[in-house]
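Engineer: Please model the complete structure; the sequences and the hints are all you need to start from.
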Amino acid sequence: MRALDGLDFVVPEGAVQALVGPNGAGKTTLIKILMNIFRASSGTVSVLGADSTRISGRAFISIGYVSENQQLPPWMRVGAFLSYLRPFYPTWDLQLEGQLVQKFDLPLDRKLKHLSRGMRMKAALASALAFRPKLIVLDEPFSGLDPMVRDELGNALLERAKESTIFLSSHDLAEIEGFATHLAYLDSGRLRLSEEMPALIARFREVEATFDAPIAVPSNLPANWTQVSSADHTLRFIESSFSQESTTAAVAQLFGPPRGITFTPMTLRAIFLALAKTGRRSS
Amino acid sequence: MSQVLHIFRKDVRHHWPEILLSLALLVTFAAEQPRSWTHETLDSRFLSALINYLPALLILSWVFLIIRLVQGESLVGDRLFWITRPYEWHKLLAAKLLSVVLFIHLPLFVSQLILLKIASFPILSSIPGLLYIHFLFVLTLLLPCFTIASVTSGIGQAVLVILAILLCLLGLLLLISIRPDMDFATDATDALQESIFLLAALTTIFVQYIYRRTLFSRLLVAGALAVIGLIIVLAPYSTLINREFPLPTQNHPLPAQLTLNRSLSFEHAIGKTSNSYGDEVELEIPFQLSDLTEKTIVQIRGIKLDVEMPAGEHWTSHWHGVYHTVTYARTLDWPSISVKKALFNRIKNVPVRAHVSLAMNLFRAGAATEIRFTGDRLNLAGGARCLNDLSQNSLHCFSALKEPEPLLVMANLPNSSCSVSQEALVEGLAQTPASYSVLSTDTSPDLAFSPIKEFGIDLTRYFVFEDRQIRLPVCPGTSLFVSKPQFLYSVRDEIDLGDITLLNYLPTYPRKIVPPRQPLSPGTPSYSLSLNSSRRSSGRGAS
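So the protein sequences, as listed, match chains A and B. 1 is the number of the first residue of the first sequence in our numbering; add one for each residue after it. 1 is the number of the first residue of the second sequence in our numbering; add one for each residue after it.
Please note that the accuracy of each hint is not assured.
With a straight-line cut-off of 30 Å between C-alpha atoms, the simulated DSS-like cross-links for lysine-lysine are [claimed, not checked]:
{"id": "1", "chain 1": "A", "residue 1": "Lys103", "chain 2": "B", "residue 2": "Lys10"}
{"id": "2", "chain 1": "A", "residue 1": "Lys111", "chain 2": "B", "residue 2": "Lys512"}
{"id": "3", "chain 1": "B", "residue 1": "Lys341", "chain 2": "B", "residue 2": "Lys512"}
These stretches of chain A come out as covered by chain B in the derived footprint (C-beta under 8 Å, 3 or more residues) [as the list claims (entries may be wrong)]:
{"id": "4", "stretch": "35-47"}
{"id": "5", "stretch": "53-60"}
{"id": "6", "stretch": "195-207"}
Estimated spans, in silico, between C-beta atoms of each pair [to be verified]:
{"id": "7", "chain 1": "B", "residue 1": "Gly223", "chain 2": "A", "residue 2": "Leu108", "range": "43 to 51 Å"}
{"id": "8", "chain 1": "B", "residue 1": "Ser177", "chain 2": "A", "residue 2": "His114", "range": "51 to 59 Å"}
{"id": "9", "chain 1": "A", "residue 1": "Asn23", "chain 2": "B", "residue 2": "Leu225", "range": "45 to 53 Å"}
{"id": "10", "chain 1": "A", "residue 1": "Arg2", "chain 2": "B", "residue 2": "Ser177", "range": "50 to 58 Å"}
{"id": "11", "chain 1": "B", "residue 1": "Ser36", "chain 2": "A", "residue 2": "Gly144", "range": "39 to 47 Å"}
{"id": "12", "chain 1": "B", "residue 1": "Leu5", "chain 2": "A", "residue 2": "Gln95", "range": "23 to 31 Å"}
{"id": "13", "chain 1": "B", "residue 1": "Ser444", "chain 2": "A", "residue 2": "Leu108", "range": "20 to 28 Å"}
{"id": "14", "chain 1": "B", "residue 1": "Arg213", "chain 2": "A", "residue 2": "Ala199", "range": "53 to 61 Å"}
For the record, the hints were derived by calculation from the structure and aren't laboratory data. Just so it is clear, the structure is predicted and the values come from calculations on it, not from any experiment. Idealized CB from N, CA, C, for every residue including glycine.
Structural biologist: Take a look at the structure:
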C-alpha cells in the first residue's frame with residue numbers, strides 16, 4: 001500500500017501553504033518526508049533547495065518544525081528548554097523569545113511534563129519561532145487546542161508569515177482560512193488540488209437553480225459539478241470551476257433556461273467537505 | 001566542540017542521580033579493597049553481603065547510566081524533538097562518549113591508580129596495562145550497552161533485550177551441557193565471533209546516529225546474534241580440537257608414555273558412597289607415566305572417553321575442557337572424566353572397551369631462580385609480593401594487573417622446621433617435589449575492576465598414589481625454585497585402555513585405593529631440588 005502517490009507541487013517562498021485532507025490522507029507522512037524523519041521509497045523532495053534526504057543537523061538552523069505529538073524532554077523546565085536550544089541557533093532572537101514567552105504566557109519555571117497540551121504546543125512553537133526560521137513546518141498545530149490557544153498560535157504565525165515560508169497541515173479549516181495563502185488538498189495519498197487560496201475560494205460555488213417545470217438529472221453532467229441533487233423544480237450542485245457565464249450556460253444547456261439561479265460563495269470548510277465527500281464516493 | 005559540551009552539560013544536569021550513584025558505588029568499592037586484601041570480615045552480615053555484591057551493583061549502575069545517557073536523545077522513534085533540531089550526529093555521539101569517559105572510565109582509572117599506590121605497586125609502568133583493561137571494558141560493557149540503548153526507546157525495552165540476551169546465553173549453557181566440547185573449543189571460534197559482534201555493534205551505533213534506521217539496526221543486531229549462535233552450535237569442534245591438538249610427530253612427540261595402570265582401582269565396599277554430580281558420575285582413571293622428561297610440564301586441556309559396549313553400541317563423552325597440570329617427576333596421574341549416570345549404571349560392571357583421548361599443552365620449565373625464604377615475605381620477579389600465611393599453608397600474594405604466569409615454583413618440602421598434618425604422616429607422600437604451577441600463554445592483563453590481583457601460591461605434594469595433594473607449610477629457610485615455563489607445543493594422545501570395568505574407577509568416599517601401598521616416611525623429602533638440576537633421591541617407585 002502506498003501512503004503517498006503522484007505528488008507534485010511547489011510551495012512558493014513566502015507562502016503560507018496549508019495542507020488539508022481527511023484522516024489517513026498522508027499529511028503527516030508527507031511532512032515527515034519533508035523533514036527527513038521518514039524516507040520516501042521513490043521520488044524526490046527538495047526543501048530550501050536541498051534534497052530532503054539530506055535534511056539533518058545544521059539544516060535545521062533554518063527550519064522550525066512543530067508537530068502535535070512531538071516529544072519534548074519532559075524533565076526540562078520551559079525556561080531551561082529555551083535556554084538549552086538557544087546555542088544551537090546562530091539566529092536565535094532573545095528579544096523575540098521574550099515576546100513569544102510573554103504572548104503565550106509561558107510558565108518558565110514549570111517542567112514540560114507538567115504543562116497542558118496547549119501550553120506544550122505553545123512552548124514548542126516558541127522554541128521553533130524564536131530563531132526566525134526561513135521555513136516553518138507545522139503538523140496539526142491546532143489539533144485538540146481550545147479556541148483561545150488556537151487564536152494565539154494563529155496570530156503568532158501570522159506575525160512570522162512576513163519573513164518565513166510556512167507549511168502546515170491542519171484539520172482546522174476556519175483557522176487556516178484566516179491566514180493561508182496557498183492550499184493543497186490530499187486524499188488517500190494523492191494530491192487532489194494545490195492552488196492559491198483566493199483562486200480556490202473563487203472557483204467553488206454552491207449553485208441553486210430553479211425551473212418552471214420539474215427536472216430530472218441526466219447522467220452526463222459536467223465533471224466540475226459535484227453533489228448534484230434535484231427536488232421538483234430545484235437543482236443544487238457544487239461548481240468547482242465557477243464563472244457566472246459558463247456555469248449559467250451549462251445549466252441552461254442541460255435543463256433549459258432557469259427561472260432563477262444563485263451562486264453562494266463557500267467557506268473553506270464547505271469546500272473541504274465537498275471534496276472529501278466526492279473523494280470518498282469515487283474511492 | 002561547543003555543541004558537544006552543551007549536550008554534555010545538559011546530560012550532567014539530567015542524569016546527576018545516576019552519575020552520583022555510580023560514583024558512590026565506585027568510591028565504596030575502591031575504599032573497601034584494601035580491607036579485602038587482608039581478608040578482614042565486617043561485623044555486619046548485611047554490609048558483608050552488600051560488599052560482596054558491589055561489583056555487580058557497580059556494573060548495573062554503569063549499564064543503567066549508559067542506557068539513560070544514550071536514550072536521553074533516543075535514536076528510536078519519529079516524535080523526538082531533537083531529530084528536527086540542529087544536532088550534528090557526531091557531536092551528539094561525542095557528547096555521550098564524553099559522559100561515559102568522564103563518569104565511568106576516568107573515575108575507575110583514578111581509583112585503580114590510587115589502589116596501585118596504596119598497594120605500593122608502580123603506577124607509571126602499570127598505565128599501559130590499565131588502558132588495556134579499559135579497552136576490554138569498552139568491548140564488554142560500553143559497546144553492548146551502547147548498542148542496546150541505540151535500538152531501544154526506553155529503559156524497560158533495554159532491560160527486556162538484556163534479559164532476552166541472558167536467556168540466549170542460558171540456552172547456550174544448556175547446549176554446552178549436552179555438547180561439552182563447545183565449552184572446550186569455543187576459543188577456536190572466539191576471534192570470528194568477536195569480529196562479528198564488533199562489526200555489528202559499531203555498524204548499529206553509527207547507522208542509528210547517522211540515519212536512525214531502527215528496523216535495519218535491530219535486524220542487524222538480531223542477525224549478528226543469530227550468526228554467532230549458529231557458529232557456536234554448528235562449529236566442527238572435533239575437527240577444530242584435532243587441529244589445535246594434533247597427533248604426535250617426530251618434531252612434536254608425546255611428552256611421556258601414558259598407560260592404564262590396571263593394578264589400581266577404587267574399593268567399592270559396603271558403606272562407601274560414590275561421587276556424582278546431578279545426572280553424571282565422575283571417574284578417575286589411573287595412568288602410569290613413564291619417560292616424562294625432566295623440566296617438562298604437561299597441561300592437560302581436554303579429555304575424551306570413548307566406550308565400545310559389548311552389543312557394539314558406542315558412547316562418547318565428547319571433549320571436556322580441563323586444566324590439569326602434570327609436572328616432571330610424577331609417575332601416576334588420575335585425570336577425571338564425567339559419564340552419564342544412566343549409562344554408567346547400565347554398564348558399570350560389564351567389561352567395555354575404552355579409549356581415552358588427551359589434549360595437552362607442553363611447557364618447559366625455564367632456568368630456575370633459587371629464593372631462600374626468610375622472614376614472612378617473598379618478592380617474585382615482575383613485582384609480585386607474597387606474605388606467608390602459615391595458618392593456611394599458603395603464600396598470600398599480590399601483583400599489579402595480572403597474576404604472574406606462566407609460573408612454576410618448586411620446593412624441598414616438608415621442611416623439618418614446620419610440622420606436617422597428621423594426614424600426610426598417615427598416608428605418606430609420593431616421590432615428587434612440592435610444587436605450584438600456573439600455565440598460560442596469555443600475558444595480557446585480566447579484565448577486572450581492581451588492578452591488584454590476589455592469588456595464592458600453594459606448594460603441594462602428592463600422596464603416595466598421586467591422586468590427591470596436600471598443601472605444605474613454607475617455613476623460613478626453605479629454598480624456593482622459581483622458574484618461568486615456556487610453551488612448547490600442543491599435542492594429542494589417543495590411548496587404548498583395552499577392556500575395563502568402569503566401576504573400578506569410580507572414587508568412593510572415604511577414598512580407598514586397592515591394592516594399598518606402604519606409605520613412605522614423611523619426615524624427609526624423598527625428592528631433592530637444586531638450582532641446576534633435579535634428581536631423585538632414594539625411595540620406592542610407583543607401581
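Engineer: Indicate, hint by hint, whether the structure satisfies it.
Structural biologist: Evaluation of the provided hints:
1. A threshold of 30 Å between alpha carbons decides the hint, and for Lys103 (chain A) with Lys10 (chain B) the separation of about 27 Å falls inside it, so the pair holds.
2. Proposed proximity of Lys111 (chain A) and Lys512 (chain B) is contradicted: the alpha carbons are some 76 Å apart, above 30 Å.
3. Restraint check for Lys341 (chain B) and Lys512 (chain B): satisfied, since their Cα atoms lie roughly 21 Å apart, inside the 30 Å limit.
4. Proximity of the stretch 35-47 of chain A to chain B, defined as three or more residues with a beta carbon under 8 Å from a beta carbon of that chain, is established by the 3 residues found.
5. Counting residues of the stretch 53-60 of chain A whose beta-carbon sits less than 8 Å from any beta-carbon of chain B gives 5, enough to reach three: the coverage restraint holds.
6. Counting residues of the stretch 195-207 of chain A whose beta-carbon sits less than 8 Å from any beta-carbon of chain B gives 0, not enough to reach three: the coverage restraint is violated.
7. With their beta carbons about 48 Å apart, Gly223 (chain B) and Leu108 (chain A) fall inside the hinted range of 43 to 51 Å.
8. A beta carbon spacing of about 54 Å between Ser177 (chain B) and His114 (chain A) agrees with the range 51 to 59 Å that was offered as a hint.
9. At about 39 Å, the CB distance of Asn23 (chain A) to Leu225 (chain B) disagrees with the hint of 45 to 53 Å.
10. The given range of 50 to 58 Å is respected by Arg2 (chain A) and Ser177 (chain B), whose C-beta atoms sit roughly 52 Å from each other.
11. Between Ser36 (chain B) and Gly144 (chain A) the Cβ separation comes to about 59 Å, which falls outside the hinted range of 39 to 47 Å.
12. One distance hint, 23 to 31 Å for the beta-carbon pair Leu5 (chain B) and Gln95 (chain A), holds here, with the actual separation near 26 Å.
13. For Ser444 (chain B) paired with Leu108 (chain A), a C-beta distance near 54 Å fails the hint of 20 to 28 Å.
14. Roughly 41 Å separates the CB atoms of Arg213 (chain B) and Ala199 (chain A), a value that falls outside the hinted 53 to 61 Å.
Consistency note: the structure conflicts with the earlier hints numbered 2, 6, 9, 11, 13, 14.
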